[in-house]
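*Asks:* Next come the chains, spelled out residue by residue.
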Amino acid sequence: MVHGEAWTIKEFFVYPNEYIYWSIQIVMYPFMTGLVAGAFVLSSLYHVFGVKQLKDIARFSLVFSLALLPVAMMPLMLHLQQPLRGINVMMTPHFTSAIAAFGIVFTTYGMIVASEIWFVYRQFIVETVLELRAKQQRTVVESLQLLTYSVLSLGAMDLSPEALHKDERAVSILAGIGIPVACFLHGYAGFIFGSVKANALWMTPLMPVIFICSAVVSGIALCIVTYIITMEIRKLISAWNRKNNPRLPSTEELKSAEILTVTMTVKYLVMFLVLAITLEMLDLIFRTYTAVKSWDILRSVIYERDFFKIFVLQYGLGNLVPFILFLWPGLTIRRALVGTLLVLMGVFMMRWNVVIGGQAFSASFSGFMEYHLPLWPHDMETYKEGLLGALTVITTPFVLFYMVTRVLPVFGVKDSH
Amino acid sequence: MINRREFCKKTMMIAGGLAIPLTALEIFDPRRLHAEKDGKEKVRWVFLVDINKCVGCGLCVKACKIENDVNWDANVTRTWVERYVVTKDGQVNIDSPKGCRDGFTTQKIDQAHIGLKEIKPEDIAKGFFVPKLCNHCENPPCVQVCPVGATYQTQEGVVLVDRSWCIGCGYCVMGCPYGVRFFHPELHVAEKCTLCYHRLSQGLKSACVDACPFGARRVGNIRDPEDPVTKIITMEPVNVLKEEFGTKPQVFYLGSSKEVK
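Top to bottom, those sequences are chains A and B.
Per the working numbering, the first sequence starts with residue 1, numbered consecutively.
Per the working numbering, the second sequence starts with residue 1, numbered consecutively.
Among these hints, one or two may not hold up.
[Stated by the list, open to error] One side of the interface only, derived from the structure: several residues of chain A facing chain B at Cβ under 7 Å: (1) H3; (2) K10; (3) F12; (4) Y15; (5) Q82; (6) G86; (7) H94; (8) I99; (9) V196; (10) V404.
By construction, these hints were calculated from the structure, which means they are not laboratory data.
Glycine included, C-beta positions come from ideal geometry on N, C-alpha and C.
All chains, please: the whole structure from these sequences, using the hints.
*Replies:* Here is the structure:
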């Protein structure tokens, strides 16, 4: 069977070689890079612009963006027909191609995130090393910890106020550089689509900007969701611990801190959401008004075949409903959680409608292609480019986040940043 | 002993110093210099399709599949023939079952998942067949978008794929407005019409050209003014497909119609 044949249903006249070649993993790719970029921008709001209310979530989202980073690459590897040759992009980059820059942009961004985290955590790392060294008797785990943290400290053990001040400066500089790079990483994912002149739906210079805005929206939304879930777990744990140690912060204290952070973050989310919707509407209005050659087929895709996916799931449930939920006075944690989950779904549907929607019609403009997501895999291909492959990609960042936070805890660390 | 700061400085200096002479290789590309000295290459392969002569027998598609070892039963093909049936009310019906590998065996129009559509002979205003293949564009978008340079254009203008280097990302497949590219069913790399480059370079003609009993397909050298194909292209009304994409296609059509997609 030819690649793509398993999930493509053709209607009317479609060129013989046309199939839905870019499937669920290519939907996941901009979705995941969007989350990375968004999480990073959120943390930078505190580190660069000094938005104090975001302090609590800043460290959290920075570490989360590190956990998401390798996952941005995963869908691409799962999508490649020759995954073992993926490294060729780094070896012989062909710079007229938008994809060729991926390796460079991605590595640059990875280095910025990693070094920023190192500066943020340096004090903690050094303190842990000193604490462990001071111990007379060390268990095996502690010895391993000492080794890990000693390596992580890179030998920079200076904890003088001047050194710590330098750390802070480095963090804000890195976060400052990181914002344009994060936007570039994602805007560039938009460029990959926007520059395909053969595709009538994708080809628009607005694509990179739309991608950046929705990326920030989804990144912030995911951070809020994960933050709320983690705080709920912390509340449960602290309630349990307080039975033995009444000096710990009470559940009520945690809760008030939580709602404050969430309300503040939601404001930024709404801001970017408005921007994203405005741009998407502009694109749609412009297409309707100019009505070039491709408009006939695009209209039947947008307003008929994909109507439910675009107007009900993406704009209705994914944008309008959360908008009302967030702006309705007296925001509660539960309402924020529902709203952010809907936003995440909306952004995912936006990626879907762009990637799959762009392939829903033939380049001949005389036929349609329908995508049937393989639910249960019956070979490697339908696993990789099916529901299970997508779920693998979604769950990985949470596993990584858990592992990273074993070494670099995001809560209960006192520091000057 | 060298300290860390000095080491970093020196490393960057060496890297920068090496980069400058290396860029010279790009600026003074020996092949380009050679080409500029001798003027343009002497050969530029082009293709000519005469729509008036095509009967939709599919012998070209068969020949192509056999010559280039493209899986016989796989629903992909390097070249195909489309059937256009325009009814008196202006409706355009197009199909190409199996890429016309077996010709058109029924008068009904194949609408893929929708099924077969019957058109009464008395309703038909006009009908014709359009063979399709890679346009070997002068400005190929597929070459532009390949992230690793596995797709390239030869000096004779033929667009080829390096099967040993293609990563299978599918960007070229998406970038082609003509839908001529696909994934090789067995090798899992991008696949396309090579204009039978292996035959052309041996002085032979493309397999589909040799297989066509009606002379609807012809291959020629546009740089040779005496080539009969060149004469037709320069002196007769010919057309190309989807000119608006700026790809400068090099497959020319005689007797093309506005309905052709």
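*Asks:* Hint by hint, note whether the structure agrees.
*Replies:* Hints, one by one, checked against the model:
no.	hint	result
1	H3	holds (4 Å)
2	K10	holds (4 Å)
3	F12	holds (5 Å)
4	Y15	holds (3 Å)
5	Q82	holds (4 Å)
6	G86	holds (6 Å)
7	H94	holds (4 Å)
8	I99	holds (4 Å)
9	V196	holds (6 Å)
10	V404	violated (27 Å)
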